[in-house]
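These protein sequences, in sequence, are chains A and B. Under numbering that gives the first Met the number 0, the final residue of the first sequence carries the number 57; numbering is consecutive throughout. Under numbering that gives the first Met the number 0, the final residue of the second sequence carries the number 489; numbering is consecutive throughout.
Heads up, some of the hints might be wrong.
[To be verified] As a list, the in silico EDC-like pairs of lysine to aspartate or glutamate whose alpha-carbon atoms are at most 16 Å apart: (1) A:Lys1 to A:Asp22; (2) A:Lys1 to A:Glu39; (3) A:Lys7 to B:Asp406; (4) A:Lys4 to A:Asp54; (5) A:Lys7 to B:Glu449; (6) A:Lys1 to A:Asp33.
[Stated by the list, open to error] Residues from chain B that keep clear of chain A, each with C-beta distances beyond 10 Å, as calculated: (7) Thr50; (8) Ile127; (9) Asn325; (10) Arg368; (11) Gln408; (12) Ala441; (13) Val446; (14) Ala450; (15) Ala470; (16) Thr472.
Because the hints were derived from the structure by calculation, they are not lab data. Everything numeric in this text was worked out from a predicted model, so none of it was measured. C-beta atoms are modelled at their ideal positions from N, C-alpha and C, and glycine is treated no differently.
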Amino acid sequence: MKTYKLYKTMMSSETNAAMYVEDGKTISFMFHPDCNEYKEYLKWLAEGNEPIPADQPE
Amino acid sequence: MSFTKVSVAGIGTTGTITFTNVNVAGVITATSFSGSGANLTGVASTDNIRTNTNATFLQNINVTGIVTASGANVSGVSTFGNTVVGGGTTQLIVTGDARITGILTIGTGSITLDGSNNQLKVGTGVTITTNGIIGITSINDGPLAGTRNRIINGDMRIDQRNAGAAVTISSTNVYTVDRWASSESSDATFTVQQDSSAPTGFINSAKITVTVADASVAASQYNTFSQRIEGLNCADLAWGTASAATVTLSFWVRSSVTGTFGGALDNSAYNRSYPFTYTISAANTWEQKSIAIEGDTSGTWLTTNGIGITVYFDLGTGVDNTGTANAWVGAGNVGVDSTVQLVNTLNATWYITGVQLEAGSVATPFERRSFGQELALCQRYTFRYSADGSINNFAPFGLARYYGTNDVQLFIKFPCTMRTSPSSLTQVGSIFVNNTGFSGAALTSIVLNEAAADGATVTGATTTGITAGNATTVYSDNASNAALIFSAEL
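Next up, chain A with everything else stripped away, as it sits in the complex (with noise of 0.2 Å):
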């Protein structure tokens, strides 16, 4: 089960990326429509799964 984790990229003002660990590898990704880790991203959320927040600022 693919657990993820918001984060914003250093220039935005807001969370516009996740990621999440499977089999040992880092997966980040976009918020990008045609990104297909996001689409991905999408349906879990759809089945009722909630991200982990993005880190606050230091």
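Put chain B on the given structure of chain A with help from the hints.
Leaving out everything else, chain B in the frame of chain A:
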């Protein structure tokens, strides 16, 4: 009346003697003959007519037998029936025009000149027509021109993501060997893996193994192996217009299951498709298949950096996504009704390589590209930036900077412009970053940051207490085979 001796004044002189009938048992010798020769018979029956000088015939010559001559000059229009020219030395020399109203066959039929259809054919391999097209199967058994094949990594040599490891397919559009994706939405599970089994001339194939069978694939379920061809790479085919070009799909395939399999070509909107079939005759035996497909004159086919054509191979799909073979239809399909469903059989295997999609109605030999060329083509869609510490410990990634007390930003320049800004990053192996002097620590939480088609920044976290703004270096962590894999796939 007969004479034994005639002695008449005038014979032996220049006088003239007139006879009604003269029968001569011997030889008549004269300097000339005049008068009608219409009733001269038997002249040639005793021997050939011979003349040592030119003979002139002012009217037709009718010969029912064979005319043998050491040479013949014919002026004006002449009609020949069966004519054999020459003997040991065969020559027919025509000075001026020659016109053949039928087909001129040279040899035993291997070369024909067909004036009615304006074609020159050499055997079955070469056809030249008046519209400027030369149909030719190969030149020296090699490529005919650059980039005939619209498929990238058709011979499955490139596997940047997985380096030969098996990938379990349990969702949609999972990329396996470069440029090839698999989708699974049924109760089955299968793996895709680069394999060394291949027909002569190839060293790799993609191998599908059914690890969980689904004996009854539901109507809406699907299992596929496919490649999405970028629209920029197939725009010249002019699909969706009246000038749509015919293409030919060819590939090598083997399977533990025999029978008629299906596949399809689709557009990006998945509302135009051409389902096709191919038959695997013998189990576990490489067979080459070729399918000619007339171009689609309807529908919308992207000519951008989006999906131009998707080539599907069906591994077991329900009727909602299969159709009738060999015709364009205004709906998306990935296969053909009632064909083999590989996923029905546990441990079934299916291999494919040498996939080529090219313009024209003839499958030409697989287009050979160097490994470097093929890798560069793949890097437009996926770029693996490796630092293999198993070869050299602490293999370098590059320079970075600290932008916070424990945050590192690494800039990566891509070797070629990617299709678009990569939207995902996969980090494999352990990565190490210097903090002070020769000491350092592992870089964690490595994620894609800002990205463009020509480069991207990657960020990660390390130990605290770092001075923001300082430069640093990033390596593989000791012997780790680390990599950052950027994806801009379709």
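Please flag the earlier hints that this structure goes against, numbers listed from lowest up.
6, 11, 13 and 14
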